[in-house]
Amino acid sequence: MPVIEIKQLVKKFGKLTALNGVDLTLDQGEVHAYLGPNGAGKTTTIRVLLGILRATSGSVSIFDRDAWKNSVELHKRLAFVPGEVNLWGNLTGGEVIDLMLALRKTGTSHTERREMFLERFELDPTMKCRAYSKGNRQKVALVAALASDAELYILDEPTSGLDPLMEKVFQDTILDLKKEGKSVLLSSHILSEVEALADKISIIKEGKIIQTGTRAEISQVAAGRTLEELFLSEYQGR
Amino acid sequence: MSSLAAFWQYTRFILVRERIVGLIWIVALAGSAILFAAMYPGLFSSDAEMQAMAQTMNTPAMVALMGPVYGLDTLNTAIIMAQECLIWFAIAIIIMNIFFVNRYTRADEELGRLEMFRALPVGRLTGVAATMIGALVLNLVIALITVCGLIALNLPGTTVAGAFAYGLAIGAIGFFFAALTLLIAQLLSSSRGVLGVSFALFGLFYVIRAWGDMQNSDLSYASPLGLISRVFAFYENNFWLLAILLGATLVITAVAFVVYVKRDLGEGVIPARPGRKHASRFLQSPFGLAWRLTRNTVFAWAVAAFVMGAVYGSVVGQLDSFLNQNEMIKQIVEGFGENKSLLGSYIAMLFSILAAVGAIPVVNAAMRIYAEEKRGRIEQVYAAAVPRLSLFASFMVIALVQSLIFLTLTVLGIYAAGESTGQLVLADLFKDAFVYLPALFLTLGVAVLLIGLAPRLSLLVWVVPVYSFLYDYFGRLFNLPDWVRNTSPFGVVPQLSLEDFTVVPLVVLTAVGIVFCAVGLAAYRRRDLR
Ligand SMILES: Nc1ncnc2c1ncn2[C@@H]1O[C@H](COP(=O)(O)OP(=O)(O)OP(=O)(O)O)[C@@H](O)[C@H]1O
Ligand SMILES: [Mg+2]
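Protein chains in written order, with my numbering: chain D, 1 to 238; chain A, 1001 to 1530.
These are calculated hints, taken from the structure and not from any lab test.
A couple of the hints might just be wrong.
[What the hints assert, rightly or not] Cut-off 27 Å, straight-line C-alpha distance, at most; resulting in silico cross-link-like pairs (DSS-like, lysine-lysine): (1) K105(D) <-> K1340(A); (2) K15(D) <-> K205(D); (3) K200(D) <-> K7(D); (4) K168(D) <-> K1277(A); (5) K200(D) <-> K76(D); (6) K179(D) <-> K200(D); (7) K69(D) <-> K179(D); (8) K7(D) <-> K134(D); (9) K128(D) <-> K1330(A); (10) K134(D) <-> K15(D); (11) K200(D) <-> K128(D); (12) K1277(A) <-> K1340(A); (13) K69(D) <-> K128(D); (14) K1340(A) <-> K15(D); (15) K182(D) <-> K168(D); (16) K179(D) <-> K208(D); (17) K168(D) <-> K179(D); (18) K1431(A) <-> K105(D); (19) K7(D) <-> K69(D); (20) K69(D) <-> K15(D); (21) K208(D) <-> K105(D); (22) K7(D) <-> K182(D); (23) K1277(A) <-> K76(D); (24) K1431(A) <-> K76(D); (25) K128(D) <-> K178(D); (26) K1431(A) <-> K134(D); (27) K12(D) <-> K168(D); (28) K200(D) <-> K182(D); (29) K1374(A) <-> K128(D); (30) K134(D) <-> K1374(A); (31) K76(D) <-> K105(D); (32) K1277(A) <-> K69(D); (33) K205(D) <-> K76(D); (34) K69(D) <-> K182(D); (35) K134(D) <-> K12(D); (36) K12(D) <-> K1374(A).
Using the sequences plus the hints, can you model the full thing?
If you want it as structure tokens, here you go:
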């Protein structure tokens, strides 16, 4: 049973077709990198997955259940880092993390993981969110997501704004999650991150998946080129 | 560059940076000080009317609001003008000074501008000293233009000394708050904190003055606002009070300078207080979040509602003389109930207008959910296991709470200020006010409907209270026919101080409100979020 199964997903905003028949499958225990140029439709796909947007047509399911109809139930089993982190300026980082963990209503205690990730990411939870730098705001969202013991992690450009040291901490964390058998959908522009973490890769361009496969399969397609060269040529449509 | 030359250059730099905003403040403040004064001669056609006005001002609520009444023995237009206007211009100039000083001290420091500047070979005090000179210039210009304007206007009772007392009182209170903000900017390390504490002190001084003035006690002298409200311009012209205020200003400035020189750049004397490490239990729910985001507004509106009620209530005792002063208001009030009791008409008008004002906090609370959506903060909430309806319903509950608080506190304000006349019955006032609850609920329904169906058009909800407000003003003034009144949800509400209770309109308003809420919520559940 796939963890995420998207079939022929179409999403239109008025006249604009943002997603034009997207297929994507994520299996249990897999880190699936989701790549594509700016405006290709990665965030839109994720927002449909989360029931923030309604699919125009096609089917989207998580854990074999319709992602729109069962969104509240499904969200108890997944954690999410938004592509654009906007926090409440007058709440502290610690308050936001607790709030997001509590709203997931899993009923389990997160105290230990919370403290562990605060320490790993060197984040001061007592600052008001308006006072955080961009990277630290990103860390608030990351800690809130990673501290929860979910089965599926949906991460939209989770490391934007992080310094190289923190990028390393993030990669180690994802590798740990993989060992625990968790599934991860990782939208990213950072190719080194993708190379280090991904089992599978899907590339979307102009609302359509143009390439998908395991890393080995993708390497075959690359035929001697580096992954970077492959992506560049795919993005440019050559 | 000598450090004195650098100092003047920096002062010039501040004034140049301030040329637009500063000029707007100068024109707005000095201009309206003169304009307001110019309107006074037209207000009274006889000395008796003037005395009546002074009596209206002499009620506890009005004294608490605007300061003590003085010079009743030699009452003239200039005295009345100064007594009624001084506090408003004081408030405005205080706001200007707090923002001005914060902008050039802590805010600049936070943004790292001051660091750049301090790297230049200039004296250590240059930045803060230039800021105070800039503030002095602004305040003095406003004060002197006001003085000149008043002398030129030459209202009955004007003296040169009086004009100076009035104008300099405004300038002095402004400069005092410039110094106070300067000191706070040395103590705290965030510009938001500086603004917060400065305004809190301003509020505290205002309350001390209000309390002291109401009790007629010397407590008022402990507040700078109390000092200027006892200058008694055009009467006693107590310049010595202004001298005391200036002395205090200089002492505070000196202390601020010393602290500034001794501390590290970027730091405050009081270290930034770390915030909460954990969320309280209460915050960890959709309603807790909604409440946390709106609670300050709820408290602010509660205070505002009480003050508004008190201002209107303080007139109850002198309705006749109050209405005779102003032909237009009289016509509006009488438009509510011809040949009915004046008090009944007045109360009907009051709640009709206040109910429309009460729609503001109600609509704001409901619209907050859309504001959160626009700022991109709602996605993460719904990505957790939060049903859409539960967050929206939380904001709707807060909107309803706002309506209850608003109506209750306006009633209490009116009663507190007008109770001494013996003409008000608390239970009746509550009934007069709470019949408007269904109209407020309907307004909430319109907001919910728009947020669900057409969020981009949601600002249209303001049409409902604005229409009602306009009808109250112009409908009564021009005696429009009754059916016009029934086109406004606020208009169909029976005005219990004049009319019998009828339940039908209230049921209809509530029912339509429920339908709107249901449709709006259903649409919200199904639509895309931004
Ligand atoms: N609410 C919306 N209304 C209209 N158009 C939208 C909306 N959201 C996204 N789009 C459009 O859909 C397309 C896909 O956007 P999306 O945000 O999914 O791209 P992305 O792959 O996440 O890009 P990036 O790498 O820059 O994050 C873009 O053309 C975008 O302008
Ligand atoms: Mg994106």
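Hints and how they fare:
1. This hinted pair does not check out: K105(D) and K1340(A) have alpha carbons roughly 60 Å apart, beyond 27 Å.
2. Of the supplied pair hints, the one linking K15(D) and K205(D) holds, its CA atoms being roughly 18 Å apart against a limit of 27 Å.
3. Pair hint K200(D) plus K7(D) holds up; C-alpha atoms about 17 Å apart against a cutoff of 27 Å.
4. About 26 Å separates the Cα atoms of K168(D) and K1277(A), which keeps this hinted pair within 27 Å; it holds.
5. About 25 Å separates the Cα atoms of K200(D) and K76(D), which keeps this hinted pair within 27 Å; it holds.
6. Among the hinted pairs, K179(D) with K200(D) is consistent with the structure: their alpha-carbon atoms are about 16 Å apart, no more than 27 Å.
7. About 31 Å separates the Cα atoms of K69(D) and K179(D), which puts this hinted pair outside 27 Å; it is violated.
8. Between K7(D) and K134(D), the direct Cα distance comes to roughly 35 Å. Violation of the 27 Å bound is thereby established for this hinted pair.
9. About 52 Å separates the Cα atoms of K128(D) and K1330(A), which puts this hinted pair outside 27 Å; it is violated.
10. Between K134(D) and K15(D) the alpha-carbon distance is near 34 Å, which puts this suggested pair outside the 27 Å criterion.
11. Between K200(D) and K128(D), the direct Cα distance comes to roughly 38 Å. Violation of the 27 Å bound is thereby established for this hinted pair.
12. Straight-line distance between C-alpha atoms of K1277(A) and K1340(A) comes to about 61 Å, which puts the hinted pair past the 27 Å bound.
13. A threshold of 27 Å between alpha carbons decides the hint, and for K69(D) with K128(D) the separation of about 35 Å lies outside it, so the pair is violated.
14. For the proposed pair K1340(A) and K15(D), the alpha carbon gap of about 61 Å is over 27 Å, so the pair is violated.
15. At roughly 19 Å between alpha-carbon atoms, K182(D) and K168(D) fall within 27 Å of each other, so this suggested pair holds.
16. At roughly 31 Å between alpha-carbon atoms, K179(D) and K208(D) are farther apart than 27 Å, so this suggested pair is violated.
17. With a C-alpha separation of about 17 Å, the suggested pair K168(D) and K179(D) falls inside the 27 Å cut-off, and the hint holds.
18. A threshold of 27 Å between alpha carbons decides the hint, and for K1431(A) with K105(D) the separation of about 43 Å lies outside it, so the pair is violated.
19. Pair hint K7(D) plus K69(D) holds up; C-alpha atoms about 16 Å apart against a cutoff of 27 Å.
20. Note on K69(D) and K15(D): the hinted pairing holds, with a Cα-Cα distance of about 25 Å set against a maximum of 27 Å.
21. About 35 Å separates the Cα atoms of K208(D) and K105(D), which puts this hinted pair outside 27 Å; it is violated.
22. For the hint linking K7(D) to K182(D), the alpha-carbon distance of about 22 Å falls within 27 Å, and the restraint holds.
23. For the proposed pair K1277(A) and K76(D), the alpha carbon gap of about 24 Å is at most 27 Å, so the pair holds.
24. Pair hint K1431(A) plus K76(D) does not hold up; C-alpha atoms about 47 Å apart against a cutoff of 27 Å.
25. At most 27 Å may separate the alpha-carbon atoms for a hinted pair to count; K128(D) and K178(D) exceed this at roughly 33 Å.
26. For a cut-off of 27 Å, the pair hint linking K1431(A) to K134(D) is broken: about 53 Å separates their Cα positions.
27. In summary, the hint linking K12(D) to K168(D) is not supported, as the alpha carbons are separated by about 37 Å, beyond the 27 Å threshold.
28. Only pairs whose Cα atoms come within 27 Å are accepted, and K200(D) paired with K182(D) is accepted, the gap being roughly 14 Å.
29. Taking the CA atoms of K1374(A) and K128(D), the gap is about 21 Å. The hint holds against a cut of 27 Å.
30. Note on K134(D) and K1374(A): the hinted pairing holds, with a Cα-Cα distance of about 20 Å set against a maximum of 27 Å.
31. Of the pairs offered as hints, the one joining K76(D) and K105(D) holds, with about 6 Å between alpha carbons and a cut-off of 27 Å not exceeded.
32. The straight-line distance between the Cα atoms of K1277(A) and K69(D) is roughly 36 Å, outside the 27 Å bound, and the hint therefore fails.
33. Distance check on the hinted pair: K205(D) and K76(D) sit about 31 Å apart at the alpha-carbon level, beyond 27 Å; violated.
34. About 24 Å separates the Cα atoms of K69(D) and K182(D), which keeps this hinted pair within 27 Å; it holds.
35. Annotation: proposed proximity of K134(D) to K12(D) is violated, straight-line Cα distance about 31 Å (limit 27 Å).
36. A threshold of 27 Å between alpha carbons decides the hint, and for K12(D) with K1374(A) the separation of about 20 Å falls inside it, so the pair holds.
Hints 1, 7, 8, 9, 10, 11, 12, 13, 14, 16, 18, 21, 24, 25, 26, 27, 32, 33, 35 from the earlier list are contradicted by this structure; the remaining hints agree with it.
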